[in-house]
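**Student:** Read off the chains here:
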Amino acid sequence: MTQTHPDITLLVIIGIAVMLLLVVSFLVVFTVNQRKRFKYQQEMQELREKQQNQLIESAILSEEGERHRISETLHDEVGAILSSVRLHLSNIKTDQLDEKSRQLHEKSKQLLDEGIDKVRSISHNLHSTLLKEFGLNEAIRHFLNKTVQSRLINVETHLDNNYLVRNSQSDLAIYRIVQELVNNILKHTHASYIHIKSALNEQLLVFILNFDSNGLSQEQFEELRYKPEGLGLKNIQNRIILLKGKIFFEKNETGNVITLTIPVNDQS
Amino acid sequence: MDKLLEKLLGWSEVWALLIPLTIFFLRRKHISNLLKPVVIYLWIALALNSIADFSWQFQRTLNLPQWARNNLPVYVVHSIARLLLFSWFFNRLKQPFLVNIKKLAPVLFLIFVVIYFSFIKSFKSLYGEFNSPLHATEAALLLFYCLQYYWFLLKQEETHFSRTRSVDWIVAGLTIYVAVNFFIFLFYDALMKTSERSWNFAYHIWDVHNISYIVLCCFIAKAFYDSDTS
Chain B
23 MTQTHPDITL LVIIGIAVML LLVVSFLVVF TVNQRKRFKY QQEMQELREK
73 QQNQLIESAI LSEEGERHRI SETLHDEVGA ILSSVRLHLS NIKTDQLDEK
123 SRQLHEKSKQ LLDEGIDKVR SISHNLHSTL LKEFGLNEAI RHFLNKTVQS
173 RLINVETHLD NNYLVRNSQS DLAIYRIVQE LVNNILKHTH ASYIHIKSAL
223 NEQLLVFILN FDSNGLSQEQ FEELRYKPEG LGLKNIQNRI ILLKGKIFFE
273 KNETGNVITL TIPVNDQS
Chain V
659 MDKLLEKLLG WSEVWALLIP LTIFFLRRKH ISNLLKPVVI YLWIALALNS
709 IADFSWQFQR TLNLPQWARN NLPVYVVHSI ARLLLFSWFF NRLKQPFLVN
759 IKKLAPVLFL IFVVIYFSFI KSFKSLYGEF NSPLHATEAA LLLFYCLQYY
809 WFLLKQEETH FSRTRSVDWI VAGLTIYVAV NFFIFLFYDA LMKTSERSWN
859 FAYHIWDVHN ISYIVLCCFI AKAFYDSDTS
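Chains as they are written, first to last, in our numbering: chain B, 23 to 290; chain V, 659 to 888.
Don't take each hint at face value.
[Stated by the list, open to error] Quick list of simulated restraints, FRET-style, between CB atoms:
| id | chain 1 | residue 1 | chain 2 | residue 2 | range |
| --- | --- | --- | --- | --- | --- |
| 1 | B | L43 | V | L768 | 31 to 39 angstroms |
| 2 | B | M66 | V | P731 | 37 to 45 angstroms |
| 3 | V | D886 | B | T151 | 32 to 40 angstroms |
| 4 | B | L43 | V | I769 | 47 to 55 angstroms |
| 5 | B | V40 | V | K665 | 47 to 55 angstroms |
| 6 | V | L756 | B | Q63 | 42 to 50 angstroms |
| 7 | B | A81 | V | L751 | 53 to 61 angstroms |
| 8 | B | T95 | V | D886 | 55 to 63 angstroms |
| 9 | B | Q63 | V | H862 | 28 to 36 angstroms |
| 10 | B | L43 | V | D886 | 54 to 62 angstroms |
| 11 | V | K665 | B | P285 | 39 to 47 angstroms |
| 12 | V | L751 | B | A221 | 42 to 50 angstroms |
| 13 | B | V228 | V | E816 | 32 to 40 angstroms |
[Claimed, not checked] One-sided and incomplete, this derived list gives chain V residues near chain B with beta-carbon spacing under 7 angstroms:
| id | residue |
| --- | --- |
| 14 | F810 |
| 15 | Q814 |
| 16 | T817 |
| 17 | V838 |
I should point out that these hints are in silico values taken from the structure, not numbers from a laboratory.
Note that the Cβ used here is the ideal one computed from N, Cα and C, for glycine as well.
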């Protein structure tokens, strides 16, 4: 009986010591390993995001380049030809024409003027000269006036004038987002008003778009931007990623609110 | 000083539980629902350990009746409750690994308890001895739960180090507790019966159990502190 006593106590002591040593060593190794893996994963994630942002940036830049090219072609070539046609048409002596031909001549001039205006408007929308020269706020106001002038829609803008041009690429991205959002509202809803408000604090530039009629909810936006027909929404999301900003769609009984939040510190 | 330390360690199974419970009260809105079984365990353990320590500490001074002097049945109930609640905790983690075994383990343990007290030992042994096989089986099963948790995490390609931090603290505390106590539980009955010297050794080795229990409670407290429902 007494012979077994030292064996058991020794066994218990050794057992506890070995188990404790094993468990503590395992926990230390496991924690260090998990931390390393987590750090590596984070680095890989950052790298992936960086590559994705670079891809988005180059896609947006090439799209912007293409817009410029089309805009310049429209303005310098098509616009010039149309203006020349207008000049030639004006030089036609209408007093020698009969009444019907005179009316046709007038109608042609009128349609041509409309065509020239349209080409100029498209060219301005595609080009960002106004944005570069007068800044984001003026470019948005000009775009809204031009876009909705012929429609029965009430547009109000309250843009924070403290916002000055900080980064032309970011401003261009913001401008394109607002352009796309307004175009979507006009195309897909029967809105009777659009109110655009912006506010700047030290870190954030916030745009709020209010409009009535049937807008999108955040869930619908998330769903649509992955569909082929939601190319415009995908472009919006890409530009948001590039700006490191956020967009939120809200839909309720009183109307729709789209909130665009962009950090401005990164851009300065 | 020695007396004070002895008293402190003697009551540690009660006051150590108050550490995580205090954190729970302070941060109860932030405690993840995943930790619910642990919270329930702490309350049950507080009640059972208070009874066990009270009957042990005051058996002579309060001249308690014979049945109330024995706290061994309380430890058996504690052991069963701990195994059931921690197996519930591990099953709630939704780790798609050894799912059926994890679900079956508490059922098998309950069957083992019934067989143990029906055929292997008499029901009277609940009062008369420590029931080492029962406590050691519980420790082994809990150790299995802890190891399979780590094994699953090691197998994962992605690490969610920050997201599972709260659960990690609890599992780490439980691993240390069961690893330290497995041999204590396994040989405790033998130590108490072998000789007077070994009985003294068993009496003192229970302090090691108490220290590991304080460590477990501190780790649970840290888990509650880190827990974030968001």
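**Student:** Of all the hints given earlier, name the ones this structure violates by number, lowest first.
**Tutor:** 2, 3, 4, 5, 6, 7, 9, 10, 11, 14 and 15
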